[in-house]
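Student: Take the given structure of chain A and dock chain B to it, following the hints.
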Amino acid sequence: MTTNGVEGLGLLGDPTRRAIFELLARRPSTVGELAQHLPITRPAVSQHLRILKDGGLVVSRAQGTRRIYRLNPDGVTALRVYLDRVWEEALTAFSKAAQAAPVDPDQEDQ
Amino acid sequence: MTGTPTIPPLTGTVTVDAPIERTFRVFTDSFGSWWPAEYHIGQADMANAVLEPRAGGRWYEQGVDGSECDWGRVLAWEPPHRLVVTWQINGHWQYDPDPERASEIEVRFAADGPDQTIVTLEHRHLERLVDGQALRDGITGGGGWGAVLEVFAKAATNQA
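Protein chains in written order, with our numbering: chain A, 1 to 110; chain B, 1 to 160.
Isolated chain A (complex conformation) (with noise of 0.2 Å):
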């Protein structure tokens, strides 16, 4: 796997902000619910947040009291980090389903 040339490690090159941006692919959440996966107090979330925010990976809207952190659905950092999550998961179920799976006979035992 080859990184393109690309200089530096950016915005994701802090871990703790790594950890909020994996957080927010999983789910849209609050800063008290990031809070509470990370060894990090409340302001310290906000301030990941902001840079997140301010480097177009993250965006946010209120919904009642509550502000919700998302990924930015127009960002291409914050897809290409998505879907990476998803193949990561699919491919690791698929690879003990097709493990787990039963021998076909017409196929197989030959």
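It should be emphasised that the hints constitute simulated quantities derived from the structure, not laboratory data. All values derive from a computational prediction rather than experimental measurement. Heads up, some of the hints might be wrong.
[Claimed, not checked] Computed spacing ranges between beta-carbons, pair by pair:
no.: 1; chain 1: B; residue 1: Arg58; chain 2: A; residue 2: Arg67; range: 34 to 42 Å
no.: 2; chain 1: A; residue 1: Ser46; chain 2: B; residue 2: Thr120; range: 35 to 43 Å
no.: 3; chain 1: B; residue 1: Ala76; chain 2: A; residue 2: Lys96; range: 21 to 29 Å
no.: 4; chain 1: B; residue 1: Gln43; chain 2: A; residue 2: Gln36; range: 24 to 32 Å
no.: 5; chain 1: B; residue 1: Gln116; chain 2: A; residue 2: Gly13; range: 30 to 38 Å
no.: 6; chain 1: B; residue 1: Val64; chain 2: A; residue 2: Ser46; range: 31 to 39 Å
no.: 7; chain 1: B; residue 1: Ala111; chain 2: A; residue 2: Arg66; range: 46 to 54 Å
no.: 8; chain 1: A; residue 1: Gly32; chain 2: B; residue 2: Asp29; range: 41 to 49 Å
no.: 9; chain 1: A; residue 1: Gly64; chain 2: B; residue 2: Gln94; range: 24 to 32 Å
no.: 10; chain 1: A; residue 1: Arg27; chain 2: B; residue 2: Ala47; range: 18 to 26 Å
no.: 11; chain 1: B; residue 1: Gln94; chain 2: A; residue 2: Lys96; range: 28 to 36 Å
[Said to hold, decoys possible] From the derived model, a few chain A residues whose C-beta atoms are all more than 12 Å from chain B:
no.: 12; residue: Ser29
no.: 13; residue: Ala35
no.: 14; residue: Gln36
no.: 15; residue: Leu38
no.: 16; residue: Thr41
no.: 17; residue: Pro43
no.: 18; residue: Ala44
no.: 19; residue: Ser46
no.: 20; residue: Gln63
no.: 21; residue: Gly64
no.: 22; residue: Thr65
no.: 23; residue: Arg66
no.: 24; residue: Arg67
Cβ atoms here follow ideal geometry from the backbone N, Cα and C, with glycine treated the same way.
Tutor: For chain B alone, kept in the frame of chain A given last:
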């Protein structure tokens, strides 16, 4: 207008302890049995996902309420070695019927002895899923491809 920038394809490899025919059959005939059910686009919960076994076939999900949502089309059907399908789900998690905006997934199956199969997946033409301006902004903004690829490489290695 300058040329449309491209997004590097996603690739993944997994080694399966099963013969090639069975591996291909589980991937296709039993697609709905292993696809993670949380990844779907319909309003209703997903009951099944179907990949029709022929070139030109549909690839779609069935909801628990009987509704159907297309994901793409089968472009190449070459059992047990190769499968190409389109993925027409955009960043808003909606099906886009325009074939000009279809990304492609190619899956190759290679026997590694009688009881093991190497499955290689490539998801390409991702730029077709994204609005042109957002694409240019995303790439020139340097959204951290290195980190993205690194995360994926790690995931792929763990699966190997």
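Student: Each of the hints needs a verdict: does it hold here or not?
Tutor: Hint check:
The hinted range of 34 to 42 Å is satisfied by Arg58(B) and Arg67(A), whose Cβ atoms lie roughly 39 Å apart. The hint said 35 to 43 Å for the Cβ distance between Ser46(A) and Thr120(B), and at roughly 41 Å that hint holds. Here the CB-CB span from Ala76(B) to Lys96(A) is close to 26 Å, well matched to the stated 21 to 29 Å. Checking the proposed 24 to 32 Å range against Gln43(B) and Gln36(A) shows it holds: the Cβ atoms sit about 28 Å from each other.
Here the CB-CB span from Gln116(B) to Gly13(A) is close to 37 Å, well matched to the stated 30 to 38 Å. Under the hint 31 to 39 Å, the C-beta atoms of Val64(B) and Ser46(A), about 38 Å apart, fit the expected range. Ala111(B) and Arg66(A) have their C-beta atoms about 52 Å apart, which keeps the hinted 46 to 54 Å range intact. In this structure, Gly32(A) and Asp29(B) meet the distance hint of 41 to 49 Å, their C-beta atoms being roughly 44 Å apart.
Our hint of 24 to 32 Å for Gly64(A) and Gln94(B) holds, since their Cβ atoms are close to 25 Å apart. Taken as a hint, the range 18 to 26 Å holds for the pair Arg27(A) and Ala47(B), whose Cβ atoms sit roughly 21 Å apart. A beta carbon spacing of about 30 Å between Gln94(B) and Lys96(A) agrees with the range 28 to 36 Å that was offered as a hint. Once the 12 Å rule is applied to beta carbons, Ser29(A) is consistent with being away from chain B; the minimum gap is 15 Å.
Chain B leaves Ala35(A) outside its interface by the beta-carbon criterion, the shortest separation being 22 Å against a cut-off of 12 Å. No Cβ of chain B comes within 12 Å of the Cβ of Gln36(A); the nearest lies about 20 Å off, and the non-interface call holds. With a closest Cβ-Cβ approach of about 17 Å to chain B, Leu38(A) is found to remain outside the 12 Å limit, as its non-interface label requires. Thr41(A), annotated as away from the interface, keeps every beta carbon of chain B farther than 12 Å; the closest lies near 24 Å.
Against the 12 Å criterion, Pro43(A) stays outside the reach of chain B, whose nearest CB is about 23 Å from its own CB. Remark: the non-interface label on Ala44(A) is consistent with the geometry, its nearest Cβ contact in chain B lying 20 Å away (cut-off 12 Å). The claim that Ser46(A) lies off the interface holds: its Cβ sits roughly 20 Å from the closest Cβ of chain B, which is beyond the 12 Å cut-off. Listed as a non-interface residue, Gln63(A) keeps its Cβ farther than 12 Å from every Cβ of chain B; the least gap is roughly 18 Å.
For Gly64(A), the condition that its CB be more than 12 Å from all CB atoms of chain B holds, with the nearest at approximately 22 Å. Distance check for Thr65(A) against chain B: the nearest CB is about 26 Å away, which clears 12 Å, and the non-interface claim stands. With a least CB separation of 21 Å from chain B, Arg66(A) remains clear of the 12 Å interface cut-off, as annotated. Residue-level check passed: Arg67(A) sits 20 Å from the nearest beta carbon of chain B, beyond 12 Å.
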